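Protein chains in written order, with the numbering used here: chain A, 4 to 184; chain B, 32 to 179; chain C, 47 to 706.
Source of the hints: derived by calculation from the structure; they are not laboratory data.
Do not rely on the hints blindly, as some may be mistaken.
[As the list claims (entries may be wrong)] In silico SDA-like pairs for lysine to any residue, Cα to Cα no more than 25 Å straight-line: (1) A:Lys104 - B:Gln101; (2) A:Lys156 - B:Ile139; (3) A:Lys26 - C:Ser162; (4) A:Lys104 - B:Trp141; (5) A:Lys104 - B:Gln66; (6) A:Lys104 - B:His136; (7) A:Lys104 - B:Glu57; (8) A:Lys104 - C:Leu640; (9) C:Lys165 - C:Pro213; (10) A:Lys26 - C:Ile241; (11) C:Lys606 - C:Arg678.
[What the hints assert, rightly or not] If the Cβ cut is set under 10 Å, some of the chain A residues that face chain C in the computed set are: (12) Phe14; (13) Ile15; (14) Gly19; (15) Val22; (16) Asp29; (17) Leu54; (18) Ser75.
Just so it is clear, the structure is predicted and the values come from calculations on it, not from any experiment.
Note that the Cβ used here is the ideal one computed from N, Cα and C, for glycine as well.
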Amino acid sequence: MIRMMLPLLVFIGLVGLLVAGLKTADQRQIIDSPLIGKPVPGFSLPELLDLERTVTNTELNGKPFVLNVWASWCPSCRLEHPLIKQLGRDIVSPLVGLNWKDEHDAALQWLGQFGDAWDLHLFDPSGRFGIDLGVYGAPETFLIDHTGTIRHKHIGPVSMDSYDDLVARIRQLEAEAQAGS
Amino acid sequence: MRTPRIPLILILFLLCDVILAQSAIEVRNFNTEVQELRYRELVRELRCTVCQNEPLESSNAPLAADLRQQVYEQIMGGRSDFEIRQYMRDRYGDFVLYDPPFAAHTMILWLGPIVLLLVALGAAAVLIRQRRRMLDERRGRAAPQPEQ
Amino acid sequence: MIGEFGQFTLILALILALLLSVLPMVGAWRGHDRLMASASSLALGVFVFTAAAFATLAWGFLQNDFTIQYVAAHSNLLLPWYYRLSGVWGGHEGSLLLWVLMLGAWMTAVVALSGSLGKQFRARVLAVMGMVAVGFLSFTLLTSNPFERLLPGPPDGNDLNPLLQDPGMIFHPPLLYMGYVGFAVAFAFAIAGLIGGKVERQWVRWAKPWTLAAWGFLTGGIALGSWWAYYELGWGGWWFWDPVENASFMPWLVGAALIHSQAVTEKRGAFPAWTVLLSIAAFSLSLLGTFLVRSGVLTSVHAFATDPERGLFILGFLVVVVGGSLLLYALRAPRIMTGEGFATLSRESALLMNNVFLAVAAAMVLIGTLYPLIVDFLGWGQVSVGPPYFSAMFILLMTPIVLLMPLGPMSRWQNDEFKRTMQPLLWALIGSVLGALVICALLGVWNLRAVTGWIGGLWVMLGAVAFFMRQRRQSRHGLTRGQLGMTLAHFGVGVFVIGVAMVESSTFERDLRFEPGQIVDAAGYQFRLEQVVTVKGPNWSAEEAQITVMKNGEELLLMKPQKRRYYRSGQVMSQIALQPGFTHDLYVAMGEPLGNSGAWAMRIHVKPFIRWIWGGAVLMLIGGFTAATDRRFWQAQSAEDAAIDAGRVTASSPTRALPA
């Protein structure tokens, strides 16, 4: 009798899997970052607002920071920008913008038009640093702690739903920095 | 008609269709034929991270072009296939490999069909033995027969 | 007006389908002749009204009625009329309507051609098909209505996706759906059998032509899709193991297993439960395919506009249909007869092996396709499963079948000896090895894959020829249609194997910089770029490269790849230049212009024996249809059959000479 029930049981298992799959269908294309818990890759990039100046990891050592990937051709970046500005006001840690695969003039024009939410700007026109970070779209937001370890990656625009969680995480990292040092 | 919810994230990926002007046909200069073959294989094995299930080879997306460039440079720079795959895996995870690694979390994948095959063959063997006995009985021979 | 009329006919079809699901079933249960007989008219009614709805939608497309939202989304004033017509099934809603139309067509065929089925059995078969129709019609009306209004209607519609503006894409969905839906007939037969409590060899025999035809259509649909991807998409591939492709391949594998299982059951009475299970599985996989393509559960380039809410509906439908059938199977299957004995070496065993490998292959494709979901569900991270996995596993599982294929038809039912079976095949074995070595030497192809591919392919082809010759010799009437069909299909498999082995092992491919006047050497051919000009089409304009192909200095032909820009959508598509050939294809695609000297990045492929892939599939298709027309499958139950089924006589009685 069990033998005859086997196909039905397998089918029920399959349906369970498919229901779970349906519930998470909109996350199917989201790539989990393997860099969580790993150190930020080393970088040495020009500052967007002053191309003569080169920014490296050392500038940001010892304190947690937020790294926000954006580009002038990215419509969702425009959508999240007010919230990024708000974020800059709500947190103490530096808010670093990574201008990704963009053109210098277009980026500056975008800043002029929509405002500048960031404390520091990294300019990565080739996208090489983006690859090291595992960036595959804009916008993306990374949270890095005071030891230089990537602790969280938010994919897609920051929205009202995700804002509070993000702020809470950053505050947590700031607290760790206080305690740690 | 209910419109499907399109998460904003998908808008990013739709960009890969809009920027169709670029093509996946790139002129690459290799020193040896082996290098070219390796490039072709790798670019087929690695998944485009912004597309709807396409390898780097056939994708029009700018990021895919960047990654193809990376593969090319690393081959020319002397890196091995393993190192290049590992490079991509370190940054994008196992998602980016169309050839799933053989590890604990892919045991079911790689061994599942083999196990199923063995089970099915076993069941077939049992069935055949059963039927052979049936045949022998019907023909009035005494069971069991010596194995043929 | 049109839209409302279309919707109305769909609702009528649904009502009739509901009646069809219930009345004949009740009639069969109660022995009420009138109710049972109503099945025929109700089925015809469903078809007529579905066809009316379909015709209405087609009319809407042809008349450019952009007040129908679906028409506005998939058509355009500049679109040629034949693409407007194929736009009917170019999107999710319309393709569902096509599905139901096909179901109606198969139901009508069953009504017309199954006079010899018992009325009770027939009533149940049609009722089951009616239930399937209810599911699809309600899905269409409730979630995917193609007749939704868009008011006020826009002056012009979106374009049909340029990728779909192609002759191959006109026929691909209809052929595929004829296949998917055709399996519903075998499914309905199986369910009717389970409900009736008996699996009679007679109805398995009657199910055969339907299964063979459905499988033939599916073969055609899959082959057409593969061929289309090859010449349209610009990267020279012909199969990618994408979830949507796999969704069509799984029913194909199970359908192939079913055909062979049916052969054993209808001839020898063995494996009736397994045949019933396969019948359920084939159609279930068709439904699963429908689900996978439309629900967004898996990422695929081919997917329709995905909507998890619609996915839930289809899943619910799946649960009812498949779950219900499997429950019925669990409860009823043990009661049916268990068949007869056979020896270790016999045709039964050979066909059993065929089923083992085909079924495991289908399971493998399912596991691989769903594995990303499994890993996600169990929290094990993320995994992608692509061609490296599927190809390796598939070759592993199919090699035993290729080796066994010539032995099956040569073997005797019930009891055989290896020497006896193998003897007429010895020349085929030697021929395949020698032939492979000779051919590979002539082609200059010396890799393992090519050589083993030729050996395997030739072995199967020569094995089929050996069977053909033996039958001609031994039987007064030559081969039956069934045997002829089988021979063709098996021969086609051999051809297919060679095509795959050669393309995958010995393709020449290069992306290069091409300047006017430059000559490129490629696998024995010389390609010379003459010039690049601008050309215009009905709804596009293009840059066209004109390339002369030469061999040994002699000019052979002119190839003209294009880079097209479609006006309405602005999409840029590469139109490849393809020169097909029996032993290889020449393939040129344009990339981007390089600099201002008129140079372009281009891709040149020389693909050996790639036509054999689809040629083999076409042979399989013809074989399937040929076998389906064998009159033996259509005959009324003979007195002898009835006696065997009733257990009064065994099929192995020496007086009964079984056809080979």
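Now the hints, each set against the structure:
1. A threshold of 25 Å between alpha carbons decides the hint, and for lysine 104 of chain A with glutamine 101 of chain B the separation of about 15 Å falls inside it, so the pair holds.
2. Proposed proximity of lysine 156 of chain A and isoleucine 139 of chain B is contradicted: the alpha carbons are some 29 Å apart, above 25 Å.
3. For the suggested pair lysine 26 of chain A and serine 162 of chain C, the alpha carbons sit about 48 Å apart, so the restraint of at most 25 Å is broken.
4. Note on lysine 104 of chain A and tryptophan 141 of chain B: the hinted pairing is violated, with a Cα-Cα distance of about 38 Å set against a maximum of 25 Å.
5. This hinted pair does not check out: lysine 104 of chain A and glutamine 66 of chain B have alpha carbons roughly 28 Å apart, beyond 25 Å.
6. Distance restraint check for lysine 104 of chain A and histidine 136 of chain B: the Cα-Cα separation of roughly 35 Å exceeds the 25 Å cut-off, and the hinted pair is therefore not satisfied.
7. A C-alpha spacing of about 19 Å is found between lysine 104 of chain A and glutamate 57 of chain B, which places the hinted pair at or below 25 Å, so the restraint holds.
8. Between lysine 104 of chain A and leucine 640 of chain C the CA atoms are separated by roughly 22 Å; this keeps the pair inside 25 Å, and the hint holds.
9. Restraint check for lysine 165 of chain C and proline 213 of chain C: the C-alpha separation of about 42 Å exceeds 25 Å, so the hint is violated.
10. Distance hint between lysine 26 of chain A and isoleucine 241 of chain C is unfulfilled; the C-alpha atoms sit about 35 Å from each other, more than 25 Å.
11. Restraint check for lysine 606 of chain C and arginine 678 of chain C: the C-alpha separation of about 51 Å exceeds 25 Å, so the hint is violated.
12. Of the supplied interface hints, the one on phenylalanine 14 of chain A holds, with its beta-carbon coming within about 5 Å of a beta-carbon of chain C, less than 10 Å.
13. This hint holds: isoleucine 15 of chain A has a C-beta 7 Å from the nearest C-beta of chain C, less than the 10 Å allowed.
14. With its C-beta approaching chain C no nearer than about 9 Å, glycine 19 of chain A sits inside the 10 Å limit, and its interface hint holds.
15. Hint status for valine 22 of chain A: holds, given a least beta-carbon distance of 7 Å to chain C, under 10 Å.
16. Evaluation of the aspartate 29 of chain A hint against chain C yields a held restraint, the C-beta minimum of about 7 Å falling below 10 Å.
17. Given hint, leucine 54 of chain A at the interface with chain C, is violated; its Cβ is 28 Å from that chain's nearest Cβ, farther than 10 Å.
18. The closest approach between the C-beta of serine 75 of chain A and any C-beta of chain C is roughly 21 Å, which is over the 10 Å cut-off, so the hint fails.
Checked against the numbered hints above, the structure breaks hints 2, 3, 4, 5, 6, 9, 10, 11, 17 and 18 and satisfies the rest.
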